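Q: Chains as they are written, first to last, in numbering that gives the first Met the number 0: chain A, 0 to 208; chain B, 0 to 208.
No lab work stands behind these hints, which were simulated from the structure alone. None of the values given here were measured: they were computed from a predicted structure. Misleading hints may appear alongside valid ones.
Heads up, simulated EDC-like pairs for lysine to aspartate or glutamate below, C-alpha to C-alpha not over 16 Å straight-line [stated by the list, open to error]:
1. Lys-168(B) <-> Glu-90(A)
2. Lys-168(B) <-> Glu-142(A)
3. Lys-190(B) <-> Glu-147(A)
4. Lys-190(B) <-> Glu-142(A)
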Amino acid sequence: MTVTNALIACPECDTLLALKNVAIRHQALCPRCGVVLYQPRNKSIIYTLSLSMTGLILLFPANFLPLLSIKLLGNSQEGTLWSGVIGLFQEGLWSVAVLVLLSSIVFPTIIIVLSFLISVHLYWRRSHQHLAVWMRCLQHLEEWAMLEVYMLGIIVACVKLADTTELKFGLGLYAFVSLLVINALLTQNVDNHLFWQHITKLRTHDPIS
Amino acid sequence: MTPSPSALSQGLLHCHECGYVASISLVNKPCPVCQSHLHTRIPHSLQRTTAYLLSSYILYVPANIFPIMNVTQMGVTEEHTILGGILSLIESDMLPIALLVMVASILVPLLKLIGITLLLLNVQLRWQRNARLWTKLYRAICFVGRWSMLDIFMISILVALVDLGSVSKVIAGPAATAFAAVVVLTMIAAKSFDPRLIWDNQSPRKSRP
């Protein structure tokens with residue numbers, strides 16, 4: 000490796016440190032501010048690849064099958080991930096609708112697609128001119144995908160509805176919970192440091208980019 | 000404690016995106032690894048954080064006084080503010096859920112606003128003590144930010160499910176937009192704050208003019 004340098008700087012307190020090898024299941028902490036500098040992951044690339052493939056499959060049932068249905072005085076109503084967005088939009092709260100759309104549907108989807116694209120390229124050691132851009136997007140979007148918060152929202156909504164209506168969980172809810180677990184595992188398994196190292200390596204070996 | 004050199008004092012800078020450590024002469028130029036713009040610190044961090052913070056303070060008021068949702072049941076329409084929703088949960092003996100909603104939609108936004116204000120004061124007034132603790136506060140603020148979206152997601156689910164004409168209907172209120180804006184703005188404020196500014200104050204007093 001030619002570009003990789005042995006120095007790292009703490010992102011939170013700017014302390015300059017020499018990079019040492021960290022064993023799997025260990026963390027490197029900043030001696031000054033205590034932030035986790037580096038936490039290597041076991042088989043990060045292949046895990047990311049398989050997790051993102053599972054995620055790609057789960058995206059469809061989680062998005063389009065009903066999550067919940069309620070029954071009240073003979074009337075019943077089903078709700079999918081999309082119907083909340085549509086409902087808010089119809090009531091004129093388009094900004095809230097867009098926010099819910101982004102954080103519960105668009106960003107989680109992009110994260111899975113990007114993780115898939117990046118890990119496919121890294122696994123087969125293929126270079127791509129947008130690899131670095133994808134990786135940067137992935138790092139920024141992690142915070143804005145809020146499936147686990149949405150799940151908590153579903154639970155609170157269920158509690159509110161439980162005493163007045165008849166609630167039924169749909170197949171979509173199971174797919175949604177699996178998607179949420181996959182997404183959480185993905186963010187945990189992507190080893191940013193390792194990925195950037197590989198991206199650098201591919202770039203220097205590739206005369207085109 | 001022995002003073003550890005900061006990257007800046009050694010004439011080095013750290014890429015915010017990929018962690019590459021580069022010479023300070025590359026400032027404002029694209030990073031050799033990921034092509035993002037290199038900076039020693041997040042540009043205009045304090046000004047941007049202050050602007051986002053002030054906007055969220057202003058929006059925090061309508062978010063709490065206007066109704067966040069209107070619930071119609073059997074022809075009777077009730078307006079719920081954020082606090083009203085929690086009180087009705089307590090009345091129906093669902094204390095744990097009420098506590099959860101209270102933490103997510105009242106305590107967390109309020110503590111975030113206060114926390115970011117304190118961080119800004121810390122940097123502006125050069126408080127030199129307990130930098131490690133302040134960094135922890137910053138990390139906590141970044142971590143809890145997204146959980147305030149709970150209320151917004153819950154409303155979007157209720158809006159989608161409870162739409163049974165005059166029998167039962169939930170309509171999102173104007174406070175939903177304001178509250179969503181507070182959550183997003185405080186998240187962006189936390190992201191634009193550069194925690195390294197806390198540590199830059201740690202340098203000996205005599206070096207300051």
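Q: Please go over all the hints and tell whether each is borne out by the structure.
A: Here's how the hints hold up against the structure:
no., hint, result
1, Lys-168(B) <-> Glu-90(A), "holds (12 Å)"
2, Lys-168(B) <-> Glu-142(A), "violated (33 Å)"
3, Lys-190(B) <-> Glu-147(A), "violated (20 Å)"
4, Lys-190(B) <-> Glu-142(A), "holds (10 Å)"
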